[in-house]
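There are 2 protein chains.
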Amino acid sequence: MQIEKPYLMFVGDVADQLAAKTAAGIVDWRRDWCVGQLRLPGCRADLGLEDLDIAEGVRRGARTLVIGVVNAGGVLPEHWISVIVEALEAGLDVASGLHRRLEEFPQIADAARHHGRQLHDVRIPSQSFATGKGSKRSGLRLLTVGTDCSVGKKYTALALEREMRAQGLDADFRATGQTGILISGRGVAVDAVVADFISGAAEWLSPEADPHHWDVIEGQGSLFHPSFAGVTLGLLHGAQPDAFVVCHEPTRRTMRGVPTALPSIRAVIDATIANGRLTNPGIRCVGIAVNTQALDEAAARACLAEIGQAEALPTTDPVRFGVADIVKRVREIFG
Amino acid sequence: MQIEKPYLMFVGDVADQLAAKTAAGIVDWRRDWCVGQLRLPGCRADLGLEDLDIAEGVRRGARTLVIGVVNAGGVLPEHWISVIVEALEAGLDVASGLHRRLEEFPQIADAARHHGRQLHDVRIPSQSFATGKGSKRSGLRLLTVGTDCSVGKKYTALALEREMRAQGLDADFRATGQTGILISGRGVAVDAVVADFISGAAEWLSPEADPHHWDVIEGQGSLFHPSFAGVTLGLLHGAQPDAFVVCHEPTRRTMRGVPTALPSIRAVIDATIANGRLTNPGIRCVGIAVNTQALDEAAARACLAEIGQAEALPTTDPVRFGVADIVKRVREIFG
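Taken in sequence, the protein lines are chains P and E.
According to the working numbering, the first sequence is numbered sequentially starting from 1.
According to the working numbering, the second sequence is numbered sequentially starting from 1.
Excised from the complex, chain P in its bound form:
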């Protein structure tokens, strides 16, 4: 899957900004891929882009209509379907992060076929994978891992890609979830792959590369999350990272969606090294990314200092303070 750029961002008529979270993430990281936003009457979200209709979007060069919003109830409203069909008729592909496949709607499927357009359902892998091989590939890889789900693994990986490039490294973000796929225009939702092929999908995602090239791979779940650790382990084995960054949210007490206590950062470092050695004996932790959103600046600085000292690793909040120190550490170790 390779989603054609640039994008016309479809916001529909969602009730609040939260419903447009995926679209907002795309604009945060890839504003220059977005020619504008398409909003319907009553829309209460705003991506901060120019409002365009489909015809104007096409004139500005848009290749794909991106549906990065969730609608109440999870169903696709009839008046959204007609906009999607209109976009296909105007020559746009459509990329969607919705739960239901675009193909399931006959009007959309027919219009795509009739006009020769692509439908991208980024939640659902469209290709088949081989099982993982486990053998070492050339190139360098960094994986973000976490004490839990939803602690900033995607954001950290994107911040690392940006900072690595700024510091002169050759680096590419590799997406493993739907928002990341829309942000990078490619990738695979590893949690939606058939279980036998998790590590194989990760190997496909980050193929052999130039010895100095970095793939910065978006992590998923946590080795300590009882719902999703299998995905995390398969991704770790397939990604075979040389380096990893632990992402953490210091005010969280239990894992997302379950009553299980959060593991310590040290436990995550140890488990990641113990398991990661299977496919890359040289694996090492290069930093810690802490989401301090819930803390004021003084408390955030104190928290980072404490963790950084305890673990003797560059420790930062990527949003507040950037990731320059982690990338500096990467360059010191790997040249």
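DEER-style ranges, computed between Cβ atoms: (1) P/VAL75 x E/GLU56: 49 to 59 Å; (2) P/GLU103 x E/ALA274: 41 to 51 Å; (3) E/SER128 x P/SER264: 27 to 37 Å; (4) E/SER126 x P/ARG59: 44 to 54 Å; (5) P/ARG320 x E/ALA274: 29 to 39 Å.
Calculated cross-link-like contacts (lysine-lysine; reagent style DSBU-like; alpha-carbon spacing at most 30 Å): (6) P/LYS21 x P/LYS5; (7) P/LYS136 x P/LYS328; (8) P/LYS21 x E/LYS133; (9) E/LYS5 x E/LYS21; (10) E/LYS21 x P/LYS133; (11) E/LYS136 x E/LYS328.
Derived by calculation from the structure, the hints in this document are not laboratory data.
We put the CB at the ideal spot given by N, CA and C, even for glycine.
Keeping the supplied structure of chain P fixed, place chain E upon it in accordance with the hints.
Leaving out everything else, chain E in the frame of chain P:
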């Protein structure tokens, strides 16, 4: 999925006994569920059952035609399709371990619909699962784990079920792969579940039960197999075993299908406890099952003695010497 018993075993016209391996496993463990075998001219496999045609199978009470054979090339020959259709017309359900879904063959799908019969593709989960909850369920659980794939995890679990029942325990085998599903008439092929739902599928497979009831759960893969460890970890978390048995093949040097070296039994015990504690802090190893098929009896006894002494655990070859000592240990610990 609940496959109706008894079975008429379809052997087709396969070229050798190996092609009927799944069917032979069913007969090994559930001979009293098998009313007979249906062989076509030229068949070179023999399950040691009476040869019956469909009409006679139905007269003897068969409810399901079981296709536990693989045909050369992986395609379903035309003359097998007509036998399957004939079975559906005669009122039998059909259960298949073939790679392709029975539904994909229009004649079979039509006949099943027309005659109101069930088609069971045991490789492909037919239900949807919730994500794993991770909370403790009542009842006792034993999981077989391995140093590698294909080291006897299914056989060991079935032998444990039989011996536990013989020693007066209330025990049920829980199948996680296609052959196991046909042997137990139910279960889920966990390696075919969408990655997000591995542990959820394992929780579904082994629900809350009487406090003294044992589920003996068939393990999959190995925590040290770079292709499949994600499946193994999700299954471990969802199964939340109180007890586990490590299965091992002493002559194997590299993991099945990959160049990775085999882990030690000790490494597997340690990793299983470290990871299993997340959903069951009381997890413990109760024995080791060694497949000594490649050794003569003296060498086998020496191998078992050496491993048993090193690990201070009941150590046996389930095929050669049974699993009575392991079950004795289980009763000592759990009452």
